[in-house]
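Given next are the chains, with one letter for each unit.
4 protein chains.
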Amino acid sequence: MASSKNSISAKSTLSKAPSAKPWGGRFTEPTNELVEAFTESISFDARLYKQDIQGSIAHSKMLAKIGVISDQEANSIETGLLDIRAQIDAGEFEWSTQLEDVHMNIEARLTDAIGEAGKKLHTGRSRNDQVATDIRLYMRQASDDVIALIKALQENLLASASNEVKTILAGFTHLQVAQPISLAHHLLAWNEMLERDVERLEDCRKRINVMPLGSAALAGTSFPLDRDMTCELLEFDRPSRNSLDSVSDRDFLIEFAAASSVIMMHLSRMCEEIILWASESYKFIDIGDAFCAGSSIMPQKKNPDIAEIVRGKSGRVIGNLQALLVIMKGQPLAYNRDNQEDKEPIFDTVDTVARSLQVFAAMIPSITFNRDIMYQSALKGYATATDLAEYLVRLDVPFRDAHEIVGGTVRYAIEQGKSLSDLSLTELQSFGTMIKQDVYDVLTLEGSVNSRSHFGGTAPARVSEALDAAKQRLSW
Amino acid sequence: MASSKNSISAKSTLSKAPSAKPWGGRFTEPTNELVEAFTESISFDARLYKQDIQGSIAHSKMLAKIGVISDQEANSIETGLLDIRAQIDAGEFEWSTQLEDVHMNIEARLTDAIGEAGKKLHTGRSRNDQVATDIRLYMRQASDDVIALIKALQENLLASASNEVKTILAGFTHLQVAQPISLAHHLLAWNEMLERDVERLEDCRKRINVMPLGSAALAGTSFPLDRDMTCELLEFDRPSRNSLDSVSDRDFLIEFAAASSVIMMHLSRMCEEIILWASESYKFIDIGDAFCAGSSIMPQKKNPDIAEIVRGKSGRVIGNLQALLVIMKGQPLAYNRDNQEDKEPIFDTVDTVARSLQVFAAMIPSITFNRDIMYQSALKGYATATDLAEYLVRLDVPFRDAHEIVGGTVRYAIEQGKSLSDLSLTELQSFGTMIKQDVYDVLTLEGSVNSRSHFGGTAPARVSEALDAAKQRLSW
Amino acid sequence: MASSKNSISAKSTLSKAPSAKPWGGRFTEPTNELVEAFTESISFDARLYKQDIQGSIAHSKMLAKIGVISDQEANSIETGLLDIRAQIDAGEFEWSTQLEDVHMNIEARLTDAIGEAGKKLHTGRSRNDQVATDIRLYMRQASDDVIALIKALQENLLASASNEVKTILAGFTHLQVAQPISLAHHLLAWNEMLERDVERLEDCRKRINVMPLGSAALAGTSFPLDRDMTCELLEFDRPSRNSLDSVSDRDFLIEFAAASSVIMMHLSRMCEEIILWASESYKFIDIGDAFCAGSSIMPQKKNPDIAEIVRGKSGRVIGNLQALLVIMKGQPLAYNRDNQEDKEPIFDTVDTVARSLQVFAAMIPSITFNRDIMYQSALKGYATATDLAEYLVRLDVPFRDAHEIVGGTVRYAIEQGKSLSDLSLTELQSFGTMIKQDVYDVLTLEGSVNSRSHFGGTAPARVSEALDAAKQRLSW
Amino acid sequence: MASSKNSISAKSTLSKAPSAKPWGGRFTEPTNELVEAFTESISFDARLYKQDIQGSIAHSKMLAKIGVISDQEANSIETGLLDIRAQIDAGEFEWSTQLEDVHMNIEARLTDAIGEAGKKLHTGRSRNDQVATDIRLYMRQASDDVIALIKALQENLLASASNEVKTILAGFTHLQVAQPISLAHHLLAWNEMLERDVERLEDCRKRINVMPLGSAALAGTSFPLDRDMTCELLEFDRPSRNSLDSVSDRDFLIEFAAASSVIMMHLSRMCEEIILWASESYKFIDIGDAFCAGSSIMPQKKNPDIAEIVRGKSGRVIGNLQALLVIMKGQPLAYNRDNQEDKEPIFDTVDTVARSLQVFAAMIPSITFNRDIMYQSALKGYATATDLAEYLVRLDVPFRDAHEIVGGTVRYAIEQGKSLSDLSLTELQSFGTMIKQDVYDVLTLEGSVNSRSHFGGTAPARVSEALDAAKQRLSW
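Chains as they are written, first to last, in the numbering used here: chain A, 3 to 478; chain B, 3 to 478; chain C, 3 to 478; chain D, 3 to 478.
Derived by calculation from the structure, the hints in this document are not laboratory data.
Any given hint might turn out to be false.
[To be verified] Here are some, though not all, of the chain D residues that point toward chain C, as calculated from beta-carbon distances under 10 Å:
#, residue
1, Gly120
2, Gly126
3, Arg127
4, Trp192
5, Glu237
6, Val249
7, Glu275
8, Tyr393
9, Phe401
10, Ala404
11, Lys438
12, Tyr442
13, Ala463
[As the list claims (entries may be wrong)] Derived list of chain C stretches under chain A, where covered just means 3 residues or more per stretch with a C-beta under 8 Å from a C-beta of chain A:
#, stretch
14, 109 to 119
15, 304 to 310
Just so you know, these numbers come straight off a predicted model, no measurement behind them.
For glycine and all other residues, C-beta sits at the position ideal for the given N, C-alpha and C.
In isolation and in its complexed conformation, chain A is listed as follows:
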């Protein structure tokens, strides 16, 4: 590893802190270097190079079409830019901090390479609309990538669920045993969360995919730009409607960060369950060795580190959302340099969400479900008490009265150290004379689970249908 960056930053506590007497007002770095280091963005916006080149090529083709530059110049620009892209791809491009950002680095190199025509590229454009275009192209791709990663995770979840339709475990509320449920039903609950995440990203993508190019600094330009042409070349849905808004709008980053925060919140909730389920006291699951870390001392230990790190990473994504809102809050129109600070939080968000989804998805197939232990968990805690109450209601006892009767029955069973299905019919009838032999059908875990057969319920037959439907929606 050992990137030069890391080596450097490791050298001192504060990479840029003066080594002595900073309070003397005499800084070890000359001012211009200090300012240069503070204002540069190339260290993080270099990752936009593909989008920047893509946008510039489209812009130059359009300039040629409207006669602002010649076709030859446009061709020369395109060839030059593609060549630069190849250099960057190959890791052979030298970025310069003095040239501040990705835009100036590329344009300067282009002019070096192709001469005069390079100086014409920026006609009718400003860095304000240029960077807005780049970041939208980038976020469009990021949205598509994250959506694909969510779907990969869903696919793995649905595959796991397929084997666990009839696996029964305790459903919890308040982390207390509540009612028996199908494990597949539980995993499908996770899938529902993820489906909403995809929807939210797709909605966000609509607002990302609007083209600011042509807005120039803030007011548009006096050249008769053909924005429909660039829009088509860059596959945007439409050109933006207002130049001032176009250079200052960062809503789509906040919306993406908010959608990402919800994704991470979802993963964090799933991780919480995985960590619980893998703990000594639950033992519901075993996580594949590859996704656990050992201890430096106890070889038997398999810590669910991936799940813990993903849970922890929810913090930074939520923090990034907050950062973006704070940055934008209170800025007057149009562009202010504060906006330079939007990139690192959003890039970190994209990376964190993508990597978390990827590793989480890979972990799912490695999980083994301990079906017996799960089944045992549902036998505890009088999980079928509700079933007894509903049985009574079907015999015409008003629900609130049935609830009272079951209360007494459970209290008696606890005193006797028995489960509900261990009670004899006589015992049960002492609480309600209407109770018949068929009560035992509803007191078993299977009876309980099977009876919840309406749409959305946990009955295996219903869960099986839900699973098929989920698979179908996923493959659309």
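Given chain A, work out where chains B, C and D should sit, using these hints.
Frame of chain A; chains B, C and D shown alone:
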């Protein structure tokens, strides 16, 4: 005013703090009162009463249809509930903290009123799916209300913009004079923000409008619920697909809070501009007296208090979003009592956004634009320098060279204490011999603004079209 | 309950939303009422009445001393204000929204009651320094109250710990069994968190307890105020040093909110453990009935609702901290009306922290520790493997080699289905010939725990000392 | 520039995203690489190398003293570690991702270099207490560095203020002209904010400077560690009191992040004023060229980029605070891997605060104050109206009546287009017959400013004293 609540809370620093020796471990309140006060939710969930009654009526009708209760019982329940609603509407209902929440308060009263049938209402239902249904009905209405309020604000903005298409002011970047723009164009930038806000709420509404009713505690119920019927009665788009997810999902609150945070961020940005524009140094606008506050000492002073308060209120909405994310992060399935804490942040969000939009919208028509001062602002700062550069480009000077030339010209003009249009043709030609008499057309504010006539630009003719299109979209 | 406020707010979805066609731009409320409702603060700042009166009395005494008002006038003001305080205490004061805030409500009433002298009270003062003084007096009391509540909780924790010094349970890392520890040691870890919380609040209090009174609107006043006198009367540590800063500084609110966020984070962590420990799978504890809630259906169920609500409430306090930072960020000097928005978040923070501490403290003595189950938990998971490694190190095996050896031993034990202490000496020696009979001393839970006897370790003798020291620090 | 890291990360939209069909569940990276990349921390914790080595040397000396290792081994360890430090300093150390973190990288290298003794270093220690020690050593230095940087900024502010004691400008409330103030007084308000920041960091440092070393994994160790010795060697104030708490406590990071958020909020407020003051409409100041950025088109333009970026950077620091709170919220004791996520937010916070302070401090001496324009600003807006009211009070008019009278006077002056001091004595007397010739003394800017001479006021004589006192406190 003087609500009893306020009077009470004013009585001590900490309303519930023991008056003496809290460290003694002996609390002045008996434990059960302490716990009751801590866990009750009726003080804030009472506002869900309409939705709770609406949901219960639909549920009881469905129970009758599937034969779990009789038609007569369903009628009795409906009549009883409507009667309770009327009492609450009239402010004659006594809420009880001991009955904890809105659900139990209403059900208890119903049973008091109609007897046996009341005890049957909760059949096949749990408070978990009941509250989820209530809050979704509430948020659906809130979304529609907020959308309507945004549109009311848009209407006022477009009305103001209609009179200011040809009003020229300085467009700013970095709060420095950049280029002349049309005031209507500026106001239309605000309108763009608001249009996205409406879109986001409409997208959010799709995810709100899904019916959890029928999910019971977490696993569904053994009664053959007709969820399509309740769904239709309550005008939801579809019943939810997974009972576990249904009782634990609060994504829609977070999504609404995120959309609201963006709305407030937008209003905060507009307020920032209004405050600047109303300041002594700008004097671009006068705000109507009704929307300003005086000083306790200086009668000439008109502080833009409404704008300041709205700007300040962005903080609480953003804080509420963070609160909701923190509450949900790391909760295992299904329902946990943490979720009770979702209501106050979201109610406060709804109220804050609605009231801010309402008062902000009302303030807009009260604003007078000082057109002369705005025009003067655009004459400063060499706002047409870009136009000169673009003029040169049209004479075949590469853009980067044109930029250099204009740099020299402006430096010269500053030294001479002249504006660009004050320079003689000879002076101008000393920087570029290709410059002709027609250069003056582009150096005027009008020339500059008119030339930015492509789609999205600030030319009045184009702005006029944009305004018409905005009005049309609004009236859809 | 049924405060008029709640009844009112329940009447419509949006309390202030117009009932129809809000987009029509025609609001049902006349503008002045709309603005009045939006800008009033009396609904939440009324709770500052005691502080407001306290500050006004000190101010008037000082004005008399420097001869700006007469002694008689000062007496009349004091009597009048004390009378008003008595009325408010008794709930007989009618607050008026038209008089905006607590300051004007009280001053207006005073002038009604005592005439001319009332009009002189505000001499040399502005609402800007008045409200800053009020809120500092309030927060000083709130800090003291919260500190007292933390100490009450510590007292209860230490009392519980006193009985559990020799109780052994599994210590967890990654929620996996790690090493056996003393339960009192675990509870003392909680106590450490709380001690830091007290320290932070005490540090914060130093910065709260500085007197802004005398700063007037922003620049001070032309009257020769004796700020040392008011400072002494109000028991502030010192008068503030800069009038501009004094009216705009809200750091102390943010610092209090940050300290409160850490308190709630601590309580949330403790609650997480309590919820786990009370779950069916752990059963480490039973929480007193009074602090649990039942289910509407399962009478055996005791949900740890208090712990869940406290955990959930961490969200709102963290959200309030963020709200305050957003409100202050970017405000130019000196006072801006945004600051009105500081009160509700901080009042909510004070209330939430105080109530959470109070109910959490009350819950602690109700918890029963299931010592046998805890002990059993430590027997699982090869919790003494580290002890074996350390035993080897004492026999001169380098630590990393010892670690290797223990790795093999544990793997063997797992295969044999034995615990480490079940292995015969011969079996153990097959992994290391240096192992002797005395190895069994370190493989028992008691041996393991007792051996960790250095300062800060979990050996009961050491824990006992730590407990005594903690009690002593608490009683200082 | 072009660090290898940047080149790499620029290669694809999502650095780790699979290049094709991620939804296929087949990842291009083998699982172990995926997991390794996800869990490694060396890319960011390498910066702890000095602290890690410092801690290890102290630990080994102590192990020698208590006889667990020999003196020779301890010497060998020290020499080996110092050698490694020199390599890292020189940029010649190869970090390995497979060795996960800074601790294992260094220990592995040590054992390579010195053999057996290296394997003994980790005796009686765990990575849990090791990393906690490292990060506390790091944060102690970071606190000292940031304090020094704040003081450097204060020094520059006080130097600027020294020249501006008698410079008068408009003091603003609500961004409206309020009263004339001394510019030095305004700058001293900034200084007050910074002094509190120093205090908060000093308080935080007390809680940082506690030594966790010796807590091992969570329970301490069976070796008779001399924690007082390591404590002294590492210059900690005291060893921590509870091993469980020691490995899980991250309060000090949150407290540092909160203090940093307030620092950035302060800088953001100052930047807001600098941006306003540098704008065309205010022109109060000129910022040195080195701290401004030009436009790509308008050479006359000097955008206050440094101030804008600092203002924007407040967002990320506030976001980092939120991230840390979210990470910690709800973690059960003791160490969980979530905590690995604490490092990047806190390192970013340290870097951002340090760099922002440094560049902001450097900018201050470059600012030129346009005294005439500032003076003119105070002549507007009837800034001395309060002085007239206070004049009347001194003639025995009750304050509220004086306020009324001045209201009428100002209204009259506005109608006449005059300032207050332009009104003739006769005109003034028409509003109050008690007004005498000496009224003009209080209506001038100088008269107004000079009269506010009590402690904390803006009178130049008083400001001069305040400035001296501030300098003295700074040089302590």
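For each hint, the structure was consulted:
The beta carbon of D:Gly120 is positioned within 10 Å of a beta carbon in chain C (closest approach about 8 Å), and the interface hint is therefore held. Given the 10 Å rule on beta carbons, the hint for D:Gly126 holds: about 8 Å separates it from the nearest Cβ of chain C. With 10 Å as the threshold, the beta carbon of D:Arg127 comes within range of chain C, its nearest partner Cβ sitting at about 9 Å, so the hint holds. Of the supplied interface hints, the one on D:Trp192 holds, with its beta-carbon coming within about 8 Å of a beta-carbon of chain C, less than 10 Å.
Residue-level restraint check for D:Glu237 is violated (minimum Cβ-Cβ distance to chain C is 18 Å; threshold 10 Å). The beta carbon of D:Val249 comes within 8 Å of a beta carbon in chain C, closer than 10 Å, and the hint placing it at the interface holds. For D:Glu275, the suggested interface contact is upheld, since its CB lies about 5 Å from the closest CB of chain C, less than 10 Å. Here the hint on D:Tyr393 is kept, as its CB sits about 8 Å from the closest CB of chain C, short of 10 Å.
Because the closest C-beta pair between D:Phe401 and chain C is about 4 Å apart, less than 10 Å, the hint holds. A cut of 10 Å between beta carbons decides the hint on D:Ala404: the least distance to chain C is about 9 Å, and the hint holds. Taking 10 Å as the C-beta cut-off, the interface hint given for D:Lys438 is violated, the closest approach to chain C being about 16 Å. The restraint placing D:Tyr442 at the interface with chain C is violated, with a minimum CB-CB distance near 14 Å, outside the 10 Å limit.
Interface restraint check for D:Ala463: the shortest CB-CB distance to chain C comes to about 12 Å, outside 10 Å, so the restraint is violated. Residue count for the stretch 109 to 119 of chain C with a Cβ under 8 Å from a Cβ of chain A: 0. That is fewer than the three needed, and the coverage hint is violated. Using a Cβ-Cβ cut-off of 8 Å, 5 residues of the stretch 304 to 310 of chain C lie near chain A, which meets the minimum of three, so the contact claim holds.
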